[in-house]
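**Student:** What follows is each chain in one-letter form.
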Amino acid sequence: MSITQFTYSTIPVEAESLRHEVRAFLQDHLGEYPATSRAQSWMGFDAAFSRQLGARGWVGMALPRQYGGAAAGPFARYVIIEELLAAGAPVSAHWIADRQSGPLINRFGTEAQRERYLPPICRGESYFCIGMSEPNSGSDLASIKTSASRNYGGWLLNGQKVWTTNAQHAQFMIALVRTGEKQAARHEGMSQFIVDLSLPGITIRPIRDLAGGEHFNEVFFDNVQLDADALVGTEGKGWDQVTAELAFERSGPERFLSCIELLKTLISAIGRHPDALQGREIGRLSAKLLTLRNMSLSVTAQLAAGEHPAWAASCVKDLGNLFEQEIPEVAQLLLEAEPRQQGGTEHAQVLAYLTQMAPSFSLRGGTREILRGIIARGMGLR
Amino acid sequence: MSITQFTYSTIPVEAESLRHEVRAFLQDHLGEYPATSRAQSWMGFDAAFSRQLGARGWVGMALPRQYGGAAAGPFARYVIIEELLAAGAPVSAHWIADRQSGPLINRFGTEAQRERYLPPICRGESYFCIGMSEPNSGSDLASIKTSASRNYGGWLLNGQKVWTTNAQHAQFMIALVRTGEKQAARHEGMSQFIVDLSLPGITIRPIRDLAGGEHFNEVFFDNVQLDADALVGTEGKGWDQVTAELAFERSGPERFLSCIELLKTLISAIGRHPDALQGREIGRLSAKLLTLRNMSLSVTAQLAAGEHPAWAASCVKDLGNLFEQEIPEVAQLLLEAEPRQQGGTEHAQVLAYLTQMAPSFSLRGGTREILRGIIARGMGLR
Amino acid sequence: MREIFESTIERLLTDLATPETVLSCEGGDWPAELWAAIEESGFTLAAAPESLGGAEIGWADLYVLARALGRFAAPVPLGEAMLGNWLLGKAGIEAQTGILSFAAEANLSLRDGAVDGSLHDVPWGRHAATLVTIADRNSATPTVVLLATETAASQTLSLNVAGEPRDSLHFSGAKVLACAPLPGSLSVEVLQLGGALLRSAQIAGALHALLDMTSGYASERTQFGRPIGAFQAIQQQLAVFAEQAAAASIAAEAAFAESDTDFASFTIAAAKVSTAEAASAGAAIAHSVHGAIGFTQEYPLHLLSRRLWAWRSEYGSASLWSQRIGQMVCDGGGEGYWALLTGHACQQLSAPERKSA
Amino acid sequence: MREIFESTIERLLTDLATPETVLSCEGGDWPAELWAAIEESGFTLAAAPESLGGAEIGWADLYVLARALGRFAAPVPLGEAMLGNWLLGKAGIEAQTGILSFAAEANLSLRDGAVDGSLHDVPWGRHAATLVTIADRNSATPTVVLLATETAASQTLSLNVAGEPRDSLHFSGAKVLACAPLPGSLSVEVLQLGGALLRSAQIAGALHALLDMTSGYASERTQFGRPIGAFQAIQQQLAVFAEQAAAASIAAEAAFAESDTDFASFTIAAAKVSTAEAASAGAAIAHSVHGAIGFTQEYPLHLLSRRLWAWRSEYGSASLWSQRIGQMVCDGGGEGYWALLTGHACQQLSAPERKSA
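Chains as they are written, first to last, in full-length UniProt numbering: chain A, 1 to 382; chain B, 1 to 382; chain C, 1 to 357; chain D, 1 to 357.
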């Protein structure tokens with residue numbers, strides 16, 4: 001692996017031409033949406049908005065046409081996604097289905113699964129969550145204990161997932177569970193299932209976060225009977241499938257735009273005459289953002305070319321997280337505007353919200369230490 | 001260990017009263033000394049200056065009176081040292097003798113050794129260096145190979161030291177060498193010797209550094225015959241003695257004042273009307289310096305009380321290094337004054353010199369990783 | 001003295017400022033039992049002169065109280081009451097019992113014993129019975145005034161990021177309870193300085209508790225078959241946290257010690273800078289080491305981290321105080337720098353300008 | 001095209017810009033053989049129009065040349081000559097062979113075909129035969145001028161922190177070799193922008209080489225019984241270094257690609273900021289991982305690290321370019337921010353002010 005993997009890449013003209021369209025749509029549909037809501041970024045939930053996007057063909061657009069997608073390339077999806085995120089649009093309902101579950105089912109699912117699950121995803125009506133972490137598993141996914149065992153009707157699911165984003169709103173979970181004995185090779189014996197969350201035996205309990213919101217959930221499985229065709233992909237190959245899926249998860253604009261709304265309220269609050277410190281910091285952050293976007297586009301070009309840039313994607317993710325987490329830190333240094341939970345300006349409220357949410361950004365898709373370990377491995381150090 | 005170990009401590013009045021005296025002395029003796037020379041801090045060599053300090057009683061002042069010292073407490077020495085460093089006085093000739101070798105000989109040496117070595121140290125005439133590192137030993141001192149074996153006349157010394165500061169100017173080296181077989185316990189079988197560097201069989205070769213200076217040396221020992229009384233302390237206990245010595249080495253003002261001259265030229269170059277960025281950075285660095293000095297004084301109070309604050313001293317050393325190394329980095333951001341090896345302003349030359357020297361600051365007395373390991377151990381984590 | 005103060009407040013807060021109490025008070029509930037116990041301890045009056053109903057304790061000894069308030073995230077304005085009564089004492093006004101707070105941000109004019117104008121960012125303003133502030137700040141005769149909150153024409157409620165009340169109160173022709181000229185030895189920014197002083201100690205205390213919580217968690221939580229505290233990357237982060245907590249602790253203590261009688265503005269400014277920076281670093285490392293669990297409302301980490309994020313900004317951010325130190329340093333030039341640093345107890349910052357959003 | 005350029009320059013520099021040559025040139029020696037080979041390659045003329053003796057290569061393709069100069073720490077003004085000939089071409093002046101450099105910092109007035117004033121920080125000014133700069137910068141008719149260094153009345157010699165010549169030349173009534181009006185499409189700061197562009201690529205190249213050197217060292221050097229690269233703390237540092245080097249690389253390449261015909265000032269500014277910050281981080285990590293050996297003159301690390309320290313400051317520090325971006329961003333307000341970022345190729349910074357010491 002080498003840094004020469006990062007080659008400057010631009011968005012093709014046909015993809016770039018979508019930008020105008022999506023901006024106009026957002027102007028129409030989110031004109032009055034307040035900054036405090038936009039600040040939720042891809043945590044904001046609005047099923048009606050997701051259906052509108054679906055109607056425009058902007059959900060699952062990379063999926064094949066026969067399932068309702070547009071067979072669009074990665075850059076077209078990139079333009080849509082970055083415009084939605086930059087506007088702080090409430091995309092959380094369909095977010096995981098669009099980003100992870102749809103592509104997973106398309107890649108590893110059976111024809112019947114594709115026909116059943118992909119069209120409603122593309123309509124913006126079908127919402128997924130991802131069941132990975134378990135109590136005490138943390139970053140060490142090989143230690144999960146939730147299991148599915150074969151029985152007369154298919155599979156019997158037992159166990160518990162935790163930190164499952166949006167489980168309380170989703171119809172389905174893609175769950176990584178144990179289907180065999182724990183092997184010598186720590187990552188064998190796991191499989192992925194599509195779990196209908198309306199089935200008996202499933203209990204979903206939201207976890208209240210430090211800012212009072214409820215995005216994470218605990219999900220309990222007590223003798224949940226799954227059909228045989230709930231298995232997605234190959235039995236025992238769940239870990240490999242998840243690893244392939246994580247590659248999608250590490251380098252998109254969602255990895256560095258989570259605090260864009262705060263950057264915007266900050267710039268407006270500073271006004272047109274920044275002092276030397278304000279100018280330096282706003283300019284420094286903007287230079288970083290431009291560079292991060294170029295890195296992310298470079299990884300997108302590699303994905304488009306059928307490569308698997310795990311190393312490069314981890315670079316974007318780690319730098320992107322640092323960038324996102326730095327913004328509230330910088331913001332509180334540039335203006336004497338104390339963060340406010342109640343009262344105060346819109347900027348003060350956005351600052352309070354994102355100051356509290358920022359620590360969670362590095363929980364998504366691999367901690368800092370693990371990402372850096374991946375990079376070190378790519379450099380041949382381990 | 002706990003951060004409550006750091007208790008605010010002030011310099012006692014009698015020690016503080018020395019400050020006026022040493023400032024007047026420095027004004028007289030270094031009035032015209034240029035900033036580019038002051039920037040060398042404790043790397044500047046001037047034997048005549050060292051003898052003048054010795055004549056004032058400011059070298060070896062913590063040693064007992066019968067050997068020429070002043071039996072001064074740690075705070076009196078602290079005031080002298082910090083004033084010398086803040087002025088960038090050329091103290092390197094006697095620095096190690098004053099700071100490490102004198103106290104070591106006083107503590108572990110025989111009466112005869114004390115009578116022989118300490119009086120010339122206190123006169124500022126006797127200069128020492130410390131032979132620790134060897135090729136390939138790095139931070140792992142247990143791996144050293146230089147050895148002394150007993151023979152008819154005392155000890156026969158063979159091997160090689162490297163990175164020995166000031167060996168080319170010093171009369172003596174305190175060398176840590178192997179006197180027994182390598183033990184199961186990695187740190188046994190080592191002893192310390194006072195090596196007269198004028199003995200036959202010793203070759204000293206200066207190592208040119210990246211800035212063109214010569215402070216480090218390689219020192220080769222080829223069948224060097226040492227007297228029996230060259231051994232200092234107890235045979236086989238060299239490691240324990242060195243560890244005790246390192247406690248002196250980690251928390252003094254030399255751990256955060258190495259770039260004080262650059263901070264001064266920077267402040268003067270900025271002038272009386274700093275912009276918001278310049279004001280912020282100069283103020284931030286000054287706040288840090290004030291806090292570091294308070295931490296360092298707190299450790300001094302603990303040493304004065306007979307405690308062994310290894311954990312606290314490592315905190316000061318690590319924070320101090322970060323601070324010193326940050327100053328050239330900040331300086332180049334505050335003014336469009338490019339560092340200059342030749343030509344340019346005095347500030348530009350001081351900036352060039354200290355930008356190049358700064359990486360070496362964290363080589364002194366333990367790398368960052370090792371210091372943080374000591375702190376983590378103090379917290380019970382390893 | 002300090003030892004008795006510290007053990008007394010710790011006992012009291014251990015019993016009555018439990019994490020459950022702290023959480024339940026966020027958003028504006030009032031811990032009546034806790035406050036009653038604090039009033040009974042006499043600490044609210046500690047800094048006032050004996051002649052005016054106080055105990056004439058200096059700030060050096062009060063440090064441990066403010067630090068303990070931070071360690072327990074105590075949801076009460078004890079620090080504020082101490083500072084308020086100290087200033088009343090300086091002005092020769094009798095110390096106040098009851099819930100007393102203060103306003104450093106005031107735009108208040110006094111005429112014929114009545115005030116017009118607003119007070120901003122008042123800690124627990126909605127609960128306080130009385131408030132201390134300075135009226136006519138920009139006149140030749142700034143005046144210490146004591147106001148009854150019930151005389152306010154209106155209130156604008158606000159909460160900081162930790163859910164602590166920071167309210168605005170608006171007065172229109174309200175009679176003051178007492179007033180007296182601000183002594184010439186005090187600057188009109190005395191309450192801003194005092195606020196910064198209090199918050200620096202609270203940050204130091206909260207960091208101390210957070211460091212203990214985090215290193216404890218790292219020792220207990222296992223991943224990949226061993227405690228996460230056994231991984232070098234985690235150890236290095238915790239060491240940095242410990243260094244920052246130590247720096248915050250000594251910087252805050254120095255500010256109290258050197259302000260025993262008069263506020264040492266340079267040292268207080270340095271304390272606010274050092275503690276604010278440590279707050280940022282410490283909160284980030286604590287969350288990073290804890291991972292998801294630290295992000296939940298049920299785990300008490302956020303009771304500390306959210307206060308660190310609030311307090312680092314209150315009474316001047318690290319930037320504001322850095323800039324004020326920087327201006328003073330640049331005024332003295334490079335030649336005077338070392339003398340300034342070593343003679344700092346006598347150095348005072350010049351008057352501030354405050355940016356606002 | 002890029003591949004051929006890159007392999008050609010690499011072969012040439014591998015042979016003739018060895019670490020020994022680089023070190024021996026520090027302080028002002030001139031690598032005649034290296035320069036002769038470069039001239040023979042034709043690269044110095046590459047950016048000029050074909051009609052004026054050049055090859056009309058765009059900056060997008062010249063990126064690999066500038067990056068290679070950085071990777072090898074090449075002690076010659078090839079980048080400077082390319083930029084000089086590019087500007088001559090824009091002004092319609094014939095491309096120059098021989099040692100050509102330029103001055104972005106000029107205070108020069110032109111009258112009757114002769115100039116008065118000074119040029120500052122001229123790369124290899126003492127060796128150059130000819131220089132390109134802009135006279136009458138603040139007038140309505142700034143003029144591109146070509147000067148013979150032998151006509152300078154005097155020189156003031158300077159070396160940057162890497163021992164590369166950065167000289168001042170003083171002119172008094174010296175006849176110009178050629179002059180022509182600066183085209184209206186170019187700003188008077190075009191040479192400052194071009195200098196920043198060149199240095200960003202050189203930094204990217206040097207970081208690349210330094211990263212390879214450092215990760216190689218970490219794999220080979222053993223301590224405590226294993227390669228130091230096996231320690232998690234070292235791995236994490238090297239990962240950060242790789243991230244920074246990657247960011248520098250793509251930022252510099254973007255600046256060249258988007259400047260193929262006209263300089264994209266926002267992207268160039270962002271490139272200088274990103275590469276300067278990466279230079280600081282990379283040099284620090286490289287030295288930290290190497291320990292004492294990296295501090296010696298005989299080990300080639302410093303040939304790269306010292307140039308990183310020099311180049312990050314040349315043609316505007318990270319602060320200067322950040323502040324210029326910041327001013328542009330604030331002019332557009334929060335509402336216009338995203339459109340500005342995504343439409344950046346068309347965005348131009350407004351004219352600069354330069355702080356000086």
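Please keep in mind that the hints were generated in silico from the structure rather than gathered at the bench.
Even for Gly, the Cβ is constructed at its ideal location relative to N, Cα and C.
Among the clues, some could well be false.
Simulated restraints, written as ranges between beta carbons of each label pair [said to hold, decoys possible]:
id : chain 1 : residue 1 : chain 2 : residue 2 : range
1  : A       : E329      : C       : G28       : 38 to 44 Å
2  : B       : S17       : C       : E150      : 52 to 58 Å
3  : D       : G333      : C       : G28       : 47 to 53 Å
Listed below are several chain C residues computed to face chain B (Cβ distance under 7 Å; list not exhaustive) [said to hold, decoys possible]:
id : residue
4  : A180
5  : P181
6  : S215
7  : Y217
8  : E220
9  : F231
10 : A233
11 : A242
12 : S249
13 : A257
14 : T261
15 : V273
**Student:** Hey, does the S215/C contact hint survive, CB to chain B under 7 Å?
**Tutor:** With Cβ-Cβ at 5 Å, under 7 Å, it holds.
**Student:** Identify whether the interface hint at S249/C stands, where standing means a beta carbon of chain B within less than 7 Å of its own.
**Tutor:** 5 Å, holds
**Student:** Does P181/C hold up as a contact with chain B if the rule is Cβ-Cβ below 7 Å?
**Tutor:** Hint on P181/C: violated, closest Cβ of chain B at ~32 Å, above 7 Å.
**Student:** Hold the hint about T261/C up to the distance rule: shortest CB distance to chain B must be less than 7 Å.
**Tutor:** 15 Å, violated
**Student:** Using Cβ atoms only, decide whether A180/C comes closer than 7 Å to chain B, and label the hint accordingly.
**Tutor:** Check failed: Cβ of A180/C comes no nearer than 33 Å to chain B, outside 7 Å.
**Student:** Taking the closest Cβ pair, is V273/C under 7 Å from chain B?
**Tutor:** Because about 4 Å separates V273/C from the closest Cβ in chain B, which is inside the 7 Å limit, the hint holds.
**Student:** Would the hint on Y217/C be counted as holding, given a Cβ-Cβ threshold of 7 Å to chain B?
**Tutor:** 11 Å, violated
**Student:** Should the hint that E329/A and G28/C are 38 to 44 Å apart at their CB atoms be regarded as holding?
**Tutor:** The hinted range 38 to 44 Å is violated for E329/A and G28/C, with Cβ atoms some 28 Å apart.
**Student:** Should the hint that E220/C touches chain B count as held when the rule is a Cβ pair under 7 Å?
**Tutor:** 12 Å, violated
**Student:** Does the closest beta carbon of chain B sit nearer than 7 Å to the beta carbon of A257/C?
**Tutor:** Check passed: Cβ of A257/C comes within 5 Å of chain B, closer than 7 Å.
**Student:** Please test the hint of 52 to 58 Å on the beta carbon pair from S17/B and E150/C.
**Tutor:** 56 Å, holds
**Student:** So does G333/D sit 47 to 53 Å from G28/C, Cβ to Cβ?
**Tutor:** 35 Å, violated
Violated hints for the displayed structure, listed by number in ascending order: 1, 3, 4, 5, 7, 8, 9, 10, 14.
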